[in-house]
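A.B. asks: Based on the sequences and whatever the hints tell you, model everything.
Going down the list, the sequences are from chains B and L. Okay, so the first sequence: first residue is 0 according to numbering that gives the first Met the number 0, each after it adds one. Okay, so the second sequence: first residue is 0 according to numbering that gives the first Met the number 0, each after it adds one.
Calculated from the structure, these hints are not laboratory results. Here the structure is a predicted model, which means the values were calculated and not measured. Wrong hints could be hidden among the right ones.
Distance condition first, Cα-Cα at most 30 Å in a straight line; then the derived DSSO-like pairs of lysine-lysine [unchecked claim]:
| # | chain 1 | residue 1 | chain 2 | residue 2 |
| --- | --- | --- | --- | --- |
| 1 | B | Lys59 | L | Lys316 |
| 2 | L | Lys59 | B | Lys59 |
| 3 | L | Lys158 | B | Lys105 |
| 4 | B | Lys293 | L | Lys12 |
| 5 | L | Lys10 | B | Lys212 |
| 6 | B | Lys12 | L | Lys301 |
| 7 | B | Lys105 | B | Lys162 |
| 8 | B | Lys316 | B | Lys377 |
| 9 | L | Lys105 | L | Lys10 |
| 10 | L | Lys264 | L | Lys75 |
| 11 | B | Lys10 | L | Lys158 |
| 12 | B | Lys340 | L | Lys59 |
| 13 | B | Lys382 | B | Lys316 |
| 14 | B | Lys10 | L | Lys264 |
| 15 | L | Lys316 | B | Lys105 |
| 16 | B | Lys59 | L | Lys345 |
| 17 | L | Lys105 | L | Lys248 |
| 18 | L | Lys394 | B | Lys12 |
| 19 | L | Lys105 | B | Lys105 |
| 20 | B | Lys158 | L | Lys75 |
| 21 | B | Lys75 | L | Lys10 |
| 22 | B | Lys157 | L | Lys105 |
| 23 | L | Lys75 | B | Lys12 |
| 24 | B | Lys212 | B | Lys293 |
| 25 | L | Lys59 | B | Lys345 |
| 26 | L | Lys59 | B | Lys10 |
| 27 | L | Lys377 | B | Lys10 |
| 28 | L | Lys340 | B | Lys162 |
| 29 | B | Lys264 | L | Lys345 |
| 30 | L | Lys10 | B | Lys377 |
| 31 | B | Lys105 | L | Lys264 |
| 32 | L | Lys10 | B | Lys264 |
| 33 | B | Lys301 | B | Lys212 |
| 34 | L | Lys382 | L | Lys340 |
| 35 | L | Lys264 | B | Lys345 |
| 36 | B | Lys212 | L | Lys59 |
| 37 | L | Lys12 | B | Lys377 |
| 38 | L | Lys293 | B | Lys12 |
| 39 | L | Lys248 | L | Lys300 |
| 40 | L | Lys59 | B | Lys12 |
Number of protein chains: 2
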Amino acid sequence: MSMFDERVLEKYKNLTRGIEERMINLHPIQSGGRAGDYPGVVQAVLRFVDGYSVCDFCMKGRLDLIESPPLCDFHKDIATFLDMDEARLFPGCRQAQYAAFHALVKPEDTIIIDSLAHYSTYLSAERVGANIVEVPHSGYPDFDLFLDVYTEKIEEVKKETGKWPALAFLTHVDYNYGNVFDAKSVGKILHDYGIPFVLNGAYTIGRMPVSGKDLGADVLTASLHKSFASPAPSGLLLANEGYADVVFKSSSMRGPWSGRNFGNKEVETLGCTLPGCVAIGAMAAFPYVAERIKHWGEEVKKARYFIEQLERIRGIKQLGQRPHNHDLIHFESEPFFEISKNHPRKGFFLYEELRERGVTGVQPGLSTAFKVSTYGKKWDQIKLAAEAFLDIAQKHNIPLY
Amino acid sequence: MSMFDERVLEKYKNLTRGIEERMINLHPIQSGGRAGDYPGVVQAVLRFVDGYSVCDFCMKGRLDLIESPPLCDFHKDIATFLDMDEARLFPGCRQAQYAAFHALVKPEDTIIIDSLAHYSTYLSAERVGANIVEVPHSGYPDFDLFLDVYTEKIEEVKKETGKWPALAFLTHVDYNYGNVFDAKSVGKILHDYGIPFVLNGAYTIGRMPVSGKDLGADVLTASLHKSFASPAPSGLLLANEGYADVVFKSSSMRGPWSGRNFGNKEVETLGCTLPGCVAIGAMAAFPYVAERIKHWGEEVKKARYFIEQLERIRGIKQLGQRPHNHDLIHFESEPFFEISKNHPRKGFFLYEELRERGVTGVQPGLSTAFKVSTYGKKWDQIKLAAEAFLDIAQKHNIPLY
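C.D. replies: Take a look at the structure:
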């Protein structure tokens, strides 16, 4: 321990976030997971801040069986809410995806994924040792997936490897363009083949109404810290009958000398996944989320208004589906890029000039393109944020329509 | 969504812990992870309660590279603190163990583990598809591991499978008896063979000074919500040169149609592991923990005093190493079991009578044996807790020495 210099500890003594509370934050990954907007979530997190706080009355050695606090009920209620048979909490959507892949895929199997999937989907496939086949998209400017190509790809895999794909995967809403895909049509294709359909609801569950069964999902994943107003890290893995037994299979390991075995523990959760304040935060967020998803239509209206306003700046163009159906918005911003070339602050000027106008969340240093989310903002905040962009454009003599 | 009955949401609206704040809590898994005892941790968690709160200034797409809040520094400083080369945050010790196993072990490989390992070690082995060989222990009443048997087991594996074990694993302090094992002697054996040594510090890191290099660990795992005064779920995976490249290897996946690749992401973390308030909580706990480990000697004294007092009850016997070297204590309690047989509350009487005396944390319903931890309690709390047990014994006419 002689090498450890305690002076380094000073910087951990008063950790502050440094984003002004009163700013309008358009950060694309943050808007759906703002737990701090909900007093009940903050209070519950505080009460359960100790590491193993939810384990006071654990009688059966598993998180999803704890009755007080009502984790057992929560697992059932959230499954009902999303119209799936079984649910487990996970420390994030990526871990839930990986667990599903690990349970359903053997190394060297081939799986089909959409080419707009989150990077963690590619990493999950890599970690299980799967080969991937991608369903292509239309490219610039819509980046729309060719969903009917799932059929072609399935046949291709069978022809080339002699085996059906171990699963097919769709990202319900992609993280780059906020495109909403018709999961139901993919579900139908896969059910005809009897191939498991894994649907990633990271940007839908907790924002809009989702029925796993209606969409034909066999397995469904969610990010609670992305879209369910929950502290991080938190996610969900859900499965329907026929797949739940595989995805949530119990341990059959036995110590060869000791005879120890753990038949009540599930392999893919490594026994227990999400104790403490994060599980509690997700539970406390549930009533708020159940209410807010009813207003999804209004959120889409806000997004469309914001797009309409920003496209008044000549050269600013929203990429992805039009009209847009989600609050995650990708803008191409050639005119801002032109300005950055000669600006003393280079690509940081946009970020900094927005902050001067009370708006934050655009990636610092970027200006050729940027992503924002309008989710959960009030109408006057949406208007103020749009005006900030228009004002910066005018200041730099970019013409407005 | 028609099947979802919103009345179920009522129970999530005011989640309370129900363990009185003023009680002396001896719960064996909770004592080292009491984040709520440290105001700086509580405050930091509150400030970063939003899901992606640490990502405001993420420039490189990876948690361990974020400069504000100082996650980048934290990863380096915690590695130095534990005398290891590299560290990554994980959502728990079990996920860190699994990641290490997954990186180092191929399916059908054999690994050596100690027979007192946590169940999650067995589940991690099962999940990677490894065969296990157990290092035996001495059984009742000491449950001491035969550490020199590592040599024999290594030779046995080589002889029977034709291959050296992919790794050997030791639980630094076991979770049933609180026995502290001489990791250094195991490290020496493994280094002679060149077999990777994975050491689980779930019950040591954050409680006592630990130097990974001094102990000869190639890979080290920690539970922050168990022993580092942190909110859950949180853990650490650390590795030394020669193994860090394997354990933290970068993605080499490439989308066959899109060409997408993610060379800056690490496979075993699935890109990013622990955003939000939990990562912040661990950082905020660091200065407190760096201080408290200096007083480990006093914690051992408290544990020994508590054992001495409880063994005044005829028939109560501490199992595991004697004298005891850790705050986790396992008592055999035959006389309490005898009382439970004729008690109207059966095995619950001990739990309930302790609560009447301001003491909690003993598993409800158990009385043949029980586990407690004295960690972090003040001397007067230790004395009051011991007196509660003695008082219950006297009430039921169990003789005292």
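A.B. asks: Straight-line Cα separation of Lys75 of chain L and Lys12 of chain B no greater than 30 Å?
C.D. replies: holds, 17 Å
A.B. asks: Does Lys105 of chain L sit within 30 Å of Lys157 of chain B, going by the straight-line distance between their CA atoms?
C.D. replies: holds, 27 Å
A.B. asks: Can you confirm whether the C-alpha distance between Lys10 of chain L and Lys377 of chain B stays at or below 30 Å?
C.D. replies: holds, 29 Å
A.B. asks: Holds or violated: Lys59 of chain L and Lys12 of chain B, Cα atoms, limit 30 Å.
C.D. replies: holds, 25 Å
A.B. asks: Would you check the hint for Lys264 of chain L and Lys345 of chain B, treating anything up to 30 Å between C-alpha atoms as holding?
C.D. replies: Roughly 27 Å separates the two Cα atoms, so the pair holds.
A.B. asks: Hint check: Lys59 of chain L vs Lys345 of chain B, CA-CA at most 30 Å. Holds or violated?
C.D. replies: holds, 18 Å
A.B. asks: Checking one constraint from the list: CA of Lys212 of chain B to CA of Lys59 of chain L, max 30 Å. Satisfied?
C.D. replies: violated, 38 Å
A.B. asks: Between Lys105 of chain L and Lys105 of chain B, does the CA-CA distance stay at or below 30 Å?
C.D. replies: Holds, at roughly 13 Å.
A.B. asks: Does Lys301 of chain L lie within 30 Å of Lys12 of chain B when you go C-alpha to C-alpha?
C.D. replies: It holds: about 29 Å lies between the C-alpha atoms, which stays within 30 Å.
A.B. asks: Keeping to a limit of 30 Å between CA atoms, is the pair of Lys105 of chain L and Lys248 of chain L held or broken?
C.D. replies: holds, 15 Å
A.B. asks: Do the alpha carbons of Lys75 of chain B and Lys10 of chain L lie within 30 Å of each other, as the hint requires?
C.D. replies: holds, 13 Å
A.B. asks: Would you mind confirming whether the straight-line C-alpha gap from Lys264 of chain L to Lys75 of chain L stays at or under 30 Å?
C.D. replies: holds, 18 Å
Taken one by one, the earlier hints fail for this structure at numbers 2, 9, 11, 15, 18, 20, 28, 36, 39, listed in ascending order.
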